[in-house]
Amino acid sequence: MLTKLQFSLSVTLLFACGFLYQFTLKPSCLICYLPSYKSQHGLEALLGHGRCIVFLETSERMEPTPLVSCAVESAAKVYPEQPVLLLMKGLNNSMQLPPNSTSPALSLLSAFDNVFLFPLDMKSLFEDTPLFSWYTRINSSTERFWLHISSDASRLAFIWKYGGVYMDTDVISIRPIPEDNFLAAQKSKFSSNGVFGFLPHHPFLWECMENFVENYNPNIWGHQGPELMTRLLRVWCKLRDFQEVSDLKCLNFSFLHPQRFYPISFLAWRRYYEVWDTEPSFNDSYALHLWNHMNQEGKAVVRGSNTLVENLYRKHCPKTYRDLLQGPEGSVTREQSPGNK
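Start counting the sequence shown at 1; every next residue gets the next number (full-length UniProt numbering).
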């Protein structure tokens, strides 16, 4: 009996030693099911793994709204193989969620394999660009539109340095953008700066940063943003009206039709918060800009309202819809689903 017991223990020990030996040959197996860029640290390392989707928060706010969460989640869903970055000015110098954070939106977003939260360090970002001298001498406390202006500058510098697609935090992605270098038309012959994408070190963005500084006017909203993009676009391109739903080519980048991101114009922004008899398909769109800057009356997305925007949340950012949206009574109601047990 003792001999049999000793034999069993010996076999068990042999298998255990074999397992440990294999484990030492593969020290990374604990992270082998994560995307490769999840096993690395730092923004620079992350940016080498594909075309990033970039969102910015230039205020100190650390509680993203459901709309911001929806924008980031929808991008993570549409671009599962690409890093989706949310750069936040209020975030400390860490890749991780602050240990004392109680933000349900940040917890939700951090759970996505391809979503990363990073601090927004403007001074470091503007180094080696035409914006650095402007930033180091500006007095931000006297700037009326500083949150917008600093965001306009940051998106130019980031995409110039690293490449990728910049999106405002009120843009809901619905299908992949097939272009590497593009501007998005807000209307005919007028460019938005709420969505754009370029490969690193594109000369158009360098000229935009130079023009930003040379023609700086902080007293006109949008002068450093969509007006800037449009000024440079007119220098680079011979603009003409769009024909049907077709994009325009301009040297080495594309000027995309308004239907791609702005099928509902800024004057009609309330249509997103209305119930439609027949909802649009948005078959010609890559993403939808919800014009949150126009929403000064604070219209919210409400569960059970059957508005266009509620249905967009349900389809394109289902986790945000499930966990963050309030019902008509003002409380968050959670639906049971396989991912919510």
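Keep in mind that a hint or two might mislead.
Said to hold, decoys possible - In silico DSBU-like links for lysine-lysine, alpha-carbon gap of 35 Å or less:
{"#": "1", "residue 1": "K189", "residue 2": "K161"}
{"#": "2", "residue 1": "K89", "residue 2": "K315"}
{"#": "3", "residue 1": "K238", "residue 2": "K315"}
Claimed, not checked - Label pairs and their calculated CB-CB ranges:
{"#": "4", "residue 1": "P104", "residue 2": "S59", "range": "14 to 24 Å"}
{"#": "5", "residue 1": "R231", "residue 2": "R137", "range": "21 to 31 Å"}
{"#": "6", "residue 1": "D277", "residue 2": "R137", "range": "50 to 60 Å"}
{"#": "7", "residue 1": "W206", "residue 2": "P80", "range": "38 to 48 Å"}
{"#": "8", "residue 1": "G298", "residue 2": "L267", "range": "13 to 23 Å"}
{"#": "9", "residue 1": "R240", "residue 2": "Q296", "range": "14 to 24 Å"}
{"#": "10", "residue 1": "G327", "residue 2": "D277", "range": "40 to 50 Å"}
{"#": "11", "residue 1": "D277", "residue 2": "A45", "range": "44 to 54 Å"}
Source of the hints: derived by calculation from the structure; they are not laboratory data.
C-beta atoms are modelled at their ideal positions from N, C-alpha and C, and glycine is treated no differently.
Right, here's what the structure says about each hint:
no., hint, in the structure
1, K189 - K161, "holds, 27 Å"
2, K89 - K315, "holds, 30 Å"
3, K238 - K315, "violated, 39 Å"
4, P104 - S59: 14 to 24 Å, "holds, 19 Å"
5, R231 - R137: 21 to 31 Å, "holds, 23 Å"
6, D277 - R137: 50 to 60 Å, "holds, 55 Å"
7, W206 - P80: 38 to 48 Å, "violated, 31 Å"
8, G298 - L267: 13 to 23 Å, "holds, 19 Å"
9, R240 - Q296: 14 to 24 Å, "violated, 34 Å"
10, G327 - D277: 40 to 50 Å, "violated, 24 Å"
11, D277 - A45: 44 to 54 Å, "holds, 50 Å"
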